[in-house]
Amino acid sequence: MIEICAIGGYNEIGRNMTAIKVDEQVIIIDMGLYLPKYIEYTEDEDIKLVPVKKLVDVGAIPDDSVIDDWKDKVVAIIPTHGHLDHLGALPFISNKYNAEILCTPYTKELILAICYDENFKLKNHIKTLSPNSKYKISEIEVEFVHTTHSTPQAVMVALHTKYGTVLYCNDFKFDSFPVLGKKPNFKRLKELGNKGVKLLICDSTRADDPKKTPSENVARQMLKDLLLGIESDEKAIIVTTFSSHIARLKSIIEYGQRINRKVVLLGRSLAKYVKAAERANLVNFSKNTKIVGYSSKVQSALKLLEKNKSKYLLIVTGHQGETKSVLSKIARGDFDFKLDKDDCVIFSCSVIPNQINIDAREHLEELLKHKHVRIFKDIHVSGHAAKEDLRDLINMVKPLNLIPAHCEARMKTAMKELADECSVPHVILMNDGERREIK
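The number in our numbering is simply the position in the sequence shown, starting from 1, with 815 added.
What the hints contain is simulated information worked out from the structure, not anything from laboratory work.
These numbers were taken from a predicted model, which means no experiment stands behind them.
Hints may contain errors.
What the hints assert, rightly or not - Cut-off 25 Å, straight-line C-alpha distance, at most; resulting in silico cross-link-like pairs (DSS-like, lysine-lysine):
1) Lys1077 - Lys1105
2) Lys869 - Lys951
3) Lys1122 - Lys1105
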């Protein structure tokens, strides 16, 4: 018998955690944060001093007490990729399970970096599995199917059981022209569809967006058009983007070098994600860039860079307007780096649509406008599949059952409508904390 427990991510974007029980064995996929609440309750405190129960109560991490009766049956925890809404809760709750963590090499490096930064100790052994590889856990065969997303080495997880295959596809896009790595393994997805997929658990974030998500190459061309096309002589160029978006950083660095600027990365999270990517042998940014992580060193670096700022391209933290980020501190005048009229600030990102982020970004942009800088926004493409990508996935894998995940109510409804259009026999709508037997 296969039973699903939707622990988190079925009523909100974030806090992703799903338990899949096959007879007497349980595999947990993802263990993430709900970032707005996490930031709100930990920004001004030592995270180790915040009780786990409080983080659960305020909705910052999943409430895994709903599977307390399955606790001793858990045999593996699988974070699908390196975003905090999928792995950020591992330091808080993975230790209660006597189970190994199974993930790709880059994801492992991020888990280790997060634990090191916050002085957490994981009891769980971490085993790495490359994309497009398989691993047997008793009667269950775990398969990592390579896909593309806005961070490297993201995978779809196929659990092959005697009852059929469960395919978990959260956080992906179908990018046939990726900037970093290979295109998704469409061949394997079609093979799985031909063999039969009993259940598809599917990212529904953009199920109501009637389009195909553009390739990361489109964002690369947008950056090329901007960085090679604007009049920026004698002016500062500051770019901010998601620290985990290694492919985007690759494009920014390369075009920064094309305009003969020395590229400098400033900020703790940028340093963390880039160093993890380097340890996983995905990139070697350190060879041609300077990377500065901690605030005191950022202060010293900016003081030096300010004297010849037209010779540099700065990549900084702060794309969502985070108060403690490098860009916010520059905008407030906290650092010895003065913004002048017509200096260029480029947001290679979207605003994450929650009120905390919206308000923070608005405040940051107001500060920048008072400095009379040029602001370039939305130099970006999404990392999530839109409606037509989701249609392609459904048609490839032909699931008997589909559960929308990574979604709020309207997205869940949109995914059900799409699944009905694609003639999926059974669409199961779940809420956080619910269980469902898959027949």
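Here's how the hints hold up against the structure:
1. Lys1077 - Lys1105: Given that 25 Å is the threshold and the Cα spacing comes to 8 Å, the pair holds.
2. Lys869 - Lys951: 36 Å, violated
3. Lys1122 - Lys1105: 17 Å, holds
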